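Heads up: the sequence lines are chains W and V, in that order. Our numbering numbers the first residue of the first sequence as 1 and each following residue consecutively. Our numbering numbers the first residue of the second sequence as 1 and each following residue consecutively.
FYI, nobody ran anything at the bench for these hints, they're computed from the structure. Predicted model only: the values in this text are computed from it and were never measured. Among these hints, one or two may not hold up.
Pairs involving identical chains hold if they fit within one copy or between any two copies, as the list cannot separate such chains.
[Unchecked claim] Once the Cα atoms are required to be at most 25 Å apart in a straight line, the calculated DSS-like pairs of lysine-lysine come out as:
#	residue 1	residue 2
1	K152	K142
2	K169	K142
3	K169	K238
4	K149	K169
5	K238	K102
Protein chains: 2
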Amino acid sequence: MTGRLVIAGLGPGADDLVTPQVVQALDMATDVVGYIPYVKRVPPRPGLTLHASDNRVELDRATHALDMAADGRTVVVVSSGDPGVFAMAAAVFEALDTDPEKWADVDIEVMPGITAMLAAAARAGAPLGHDFCAINLSDNLKPWDLIEKRLKLAVAGDFAMAFYNPRSKSRPEGFARALQVLQAECGDDRPVIFARAVSTPDEMLRTVPLSQAQPDMADMRTVVIVGSSRTRIVGRAKGALVYTPRSVPA
Amino acid sequence: MTGRLVIAGLGPGADDLVTPQVVQALDMATDVVGYIPYVKRVPPRPGLTLHASDNRVELDRATHALDMAADGRTVVVVSSGDPGVFAMAAAVFEALDTDPEKWADVDIEVMPGITAMLAAAARAGAPLGHDFCAINLSDNLKPWDLIEKRLKLAVAGDFAMAFYNPRSKSRPEGFARALQVLQAECGDDRPVIFARAVSTPDEMLRTVPLSQAQPDMADMRTVVIVGSSRTRIVGRAKGALVYTPRSVPA
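Hey, can you work out the whole structure from these sequences and the hints?
Structural data, given as structure tokens:
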């Protein structure tokens, strides 16, 4: 029996940032699989089974979703933001890659979503309007030395940077070290944007100069954007706008 | 009179990838401003004036939009993809920054969209599932040496990369040089994804090993994604999937 597996991005939180493509996929699903707070965003209805699981069980969740699709079900794996950016799409393909033949008949489709850094950037202005890097600051799945190396190379290239998963209760020290690296390598006035839970009722946006950035300004619901050397702030009574110009003079 | 300026992302092309937020903003607009092919995507209606302009007049377009909003109109500047990624948001803020007082009363909001690299990545699998860089390969607004420097640093950091504006008729040589840089620094089998006009009737997706990548595989409607050293391909009868695993072993 040929089932279908969709890996869908729910966007940063607001309903009006979910694409119609994803809404339709959820309408057709028999099963929705994902981390508890993301599955909670899907309204229950008859014929739909919600499978919510805890964090850090991504591969089990992916395998479960593939197995249900192989049984002929219509499964949607939900991520917040975009499923391809530090989210479930890579996890599903890691699971698939352990035994591609087992799930050879499953139709698989990834549906993009508004990823957190783009929602945050939009709220702040256009800090990612020029070349940028996206870096997951969690060292759960990679050595910290690699993160630090990438930070230094991103500074050397004068990229703007967006950091996902900057800080959790179990890893409070990493983001402090990241800020130390940046403070040693960049100017004091480099804008740093802390964007928490953008587009939800818990939204908080704060922009500070790098010299005033503190580790506890971020948590796991925060995306942090650090400007390049050319990022500017336009002061306005209606709220400052942060942007990185498109051009770099020769 | 206080007007309103929205800078909105229309996504990569398909209607079902436009967010409801943007649809509503377009429904309320008195004026839509943008590059000709993007304005064409907005259906005409009574009470709405469409202002389509040619490419490379971004600052004039931005100033015009700000002026109309200052006159009390409800203006939407449209970009394809996300307006904050190599698109109109930075251009509007560059214009605003020339004389912030002049437009002090205008309400400004950026509405994110599905940017081309995320639509392309979704179609290919999850090649951006780990740390990555986004680089505009056009040297219209920055020196080529800076682009080449960033390419080399991105390779040194083993980032995956997404290239916007890889190649135009007026700049055929840049992308050829970029491929030479990558071919000198990366393994021959590094996956390179050419994703053209994703989600439109003109969509074309092609993945080749770096050694076989050719400059003429890209044009201005193509986003190019280059994997990291850890990017893998899962061969399937239903079409190969390219993904970058979430983890890097210590």
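For each hint, the structure was consulted:
| no. | hint | in the structure |
| --- | --- | --- |
| 1 | K152 - K142 | both (16 Å within a copy, 22 Å between copies) |
| 2 | K169 - K142 | within (18 Å within a copy, 41 Å between copies) |
| 3 | K169 - K238 | neither (35 Å within a copy, 42 Å between copies) |
| 4 | K149 - K169 | within (23 Å within a copy, 37 Å between copies) |
| 5 | K238 - K102 | between (56 Å within a copy, 13 Å between copies) |
Hint violations for this structure: number 3 only, all remaining hints satisfied.
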